[in-house]
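With the sequences and hints as input, model every part of the structure.
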Amino acid sequence: MSAATPPMAPPLRPTLRQRAFSERTVRTLKRRRVVSGAMLGVLIAAAVLAVLPLIFIFAHLLKLGIGSLSWDFFTKMPKPVGEAGGGLANAIVGTLILIGLASAFGLPIGVGAGLYLAEQRGTRLANGVRFLSDVLNGLPSIVMGIFAWQFLVRPVGHFSALAGGVVLGAMMIPMVARTTEEMVGIVPVSLREAALALGYTRWRTSLAIVLRTASAGIVTGALVAIARIAGETAPLLFTAFGNQFWSLSLKQPIAALPLQVFSYAISPYDAWHSLAWAGALVLIALIFIISLIARFATRARFATGGGD
Amino acid sequence: MTLPDGRAVVAAREGEGATLRIHGAPIGDRVYSGAITFFALCVPLLLLAIAWEIGVAGWPTLHKFGFGFLTSSEWDPVTGKFGAAPAIYGTIVSSIIALVLATPLAIGVSLFLSDLAPRWLRQPVGFLVDLLAAIPSVVYGLWGIFVLLPVLRDPVMPFLRDTLHLDKTGLFTGPAYGPSMLAAGIILAIMILPYISSVSREVLLAVPRSQREAALALGATRWEAIWGAVLPYARSGIVGGVILGLGRALGETMAVTMLIGNRPEIAASLFAPGYTMASLLANEFSEASSDAHLSALMAVAFVLFVITLIVNAIARWLVWQVSRNTSGRTA
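The listed protein sequences derive, respectively, from chains A and B. Number 308 marks the last residue of the first sequence (this note's numbering); no jumps. Number 1331 marks the last residue of the second sequence (this note's numbering); no jumps.
Just so you know, the hints here were simulated from the structure itself, not pulled from any lab data. Be aware that one or more of the hints could be misleading.
[Said to hold, decoys possible] Stretch by stretch, here's where chain A covers chain B in the computed footprint (C-beta under 8 Å, at least three residues):
1) 1030 to 1039
2) 1105 to 1114
3) 1262 to 1274
[Unchecked claim] Short, incomplete list of chain A residues facing chain B, as computed with Cβ under 10 Å:
4) 17
5) 46
6) 84
7) 109
8) 111
9) 137
10) 142
11) 146
12) 149
13) 259
14) 281
This structure is a prediction, so every number in the text was calculated from the model and none was measured. All C-beta atoms, glycine included, are put in the ideal place defined by N, C-alpha and C.
Written out as structure tokens, the structure is:
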């Protein structure tokens, strides 16, 4: 719809008032632009400032850690103060054992709970469990450690690798449950329906079709959870406890990299400090390798997602 | 009659035109649903077990000292006097410092990523910030001891105190040893930054484009669009992220233990060493000699458990509210 165009009016000279108004508008506009530019600058500064600590931490880890890394570090046992050399072989193996125990305990429960959350979505129990698993995820790890001590160590009377593995596994449960739920949730319903229509029972459909389809994503989630618990120290203080000697027994205290880094870091000896840096570097490298594998697993999921 | 898979077959109609009906679910289905229900129930059971075990173990202390346990600042295992006030104070103060430092930074970086950064820069910067969450607490502590503390001791603390004359506020006074409430707060700020920023980034990205475009079309500058249209829309989600970060800060143990100085006293100055509940537990738990001492530590753990439980529940509720609202609005 077009209104009739009014006849061309002769151009009016703006009144004084109009001119003052427009100048004020221009001035405020200028000021608003300056404020806007400044605030955008602040945002950029915030982004830079947020990334800086990471760069510093990595720079120091590399600078101070690599110097202390050697073949001995991976193969030798810790030496007493004053003796040169020595490594953290027992702590590295201990951490791997603890990760294995934690996965054996935490993964099945986490995946099972995630399946429940995905399949019973919307029920009162599922909503409650989902909420509580988020709450559990936020509990301080030291509280988990003290619980594990009271529950697993105190009745037995001694620290053990098993208690350490179980507490780390318990910390994995909420993380694994939530990613499993998410990954099972994005499997198309038609896939499940097709399996059921072909006469598959529900449990076989869930495990052989749905869970298998979601498996790459679940593996990623599991690896992320493992990466997170691999560096946990606080829950191990009163469970795995640490061990100066070579031990593979699940019933005995066991050494772990984070524990070793902690006790070396707060020790007064320079040689131990550099071992702490090396230990921290190895720990970070371990976590990174796990995270990288997780990323590749995700990529594989997207790659096959189109093909299937 | 039963089928091999455990389902019962019953006659539904007798006589002519008799039919059979299969009742119940196959035994495999029943086992499966029982199993996953059990696994799901493990989560609440675990929480209950934690509350019960720690609560029962801490009960003697909570019963004996009552409310005074939270307000008394005398902590002496030898005489059997236990007051957790310094630890509670330290936990709260170090977390507040962390929030004050981390919140603007986290919101800033999230806004940068959601509204400002060119597309190619978004993923790498977001990844780097998220990476902060992957660094173990003990590595933060190590870095704090050997890098952060010396820097604080020499240029930073004297600068705040003498050059900026902030000692008049009472917060930045006293000798600059290094291990202090301030150091713990700073390391906590770095540690909770990724948690706050990942939640707020998600919320900010969920703000509809139309919201921004409408503000810009009305003549707002880019900052005014962010301040007036984007941030209010995302506010409660960001608050949820901040509270989530608070939950992390309250319970963080290793890095704080290594940097806070571990002295059970309440001091107004942030340069003074302090204590948190988590660091108290980390330091004294394995050396607890008497049952009373152990029970007092359990009581501290219980208080920490309850506080973080409440904080986390509030945060989850807020974030959940936002995700429900935004998905409702965009759908």
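Status of the hints after comparison with the structure:
A stretch counts as covered by a chain when three or more of its residues have a beta carbon under 8 Å from one of that chain; for the segment 1030 to 1039 of chain B and chain A the count is 8, and the coverage holds. Chain A is given as covering the segment 1105 to 1114 of chain B, and this holds because 8 residues of the stretch bring a CB closer than 8 Å to a CB of that chain, at least three being needed. Closer than 8 Å: that is the beta-carbon criterion, and the segment 1262 to 1274 of chain B has 0 residues meeting it against chain A, so the requirement of 3 is violated. The closest approach between the C-beta of residue 17(A) and any C-beta of chain B is roughly 22 Å, which is over the 10 Å cut-off, so the hint fails.
For residue 46(A), the shortest C-beta to C-beta distance to chain B is roughly 3 Å, which falls under 10 Å, so the interface hint holds. The interface hint given for residue 84(A) is violated, since its Cβ lies 21 Å from the closest Cβ of chain B, which is over the 10 Å cut-off. At about 5 Å, the closest approach between the beta carbon of residue 109(A) and any beta carbon in chain B falls short of 10 Å, and the interface hint on this residue holds. With a least beta-carbon distance of about 8 Å to chain B, the hint placing residue 111(A) at the interface is held under the 10 Å criterion.
Among the interface hints, the one on residue 137(A) holds; its C-beta lies about 8 Å from the nearest C-beta in chain B, closer than the 10 Å criterion. Satisfaction of the interface hint for residue 142(A) is found here, the shortest Cβ-Cβ separation to chain B being roughly 4 Å, below the 10 Å cut-off. Hint status for residue 146(A): holds, given a least beta-carbon distance of 5 Å to chain B, under 10 Å. Proximity of residue 149(A) to chain B holds as hinted, the smallest CB-CB distance being about 8 Å (cut-off 10 Å).
Here the hint on residue 259(A) is kept, as its CB sits about 8 Å from the closest CB of chain B, short of 10 Å. A distance limit of 10 Å between C-beta atoms decides the matter here; for residue 281(A) the minimum to chain B is near 9 Å, and the interface restraint holds.
When each numbered hint is compared with the structure, violations occur for hints 3, 4, 6.
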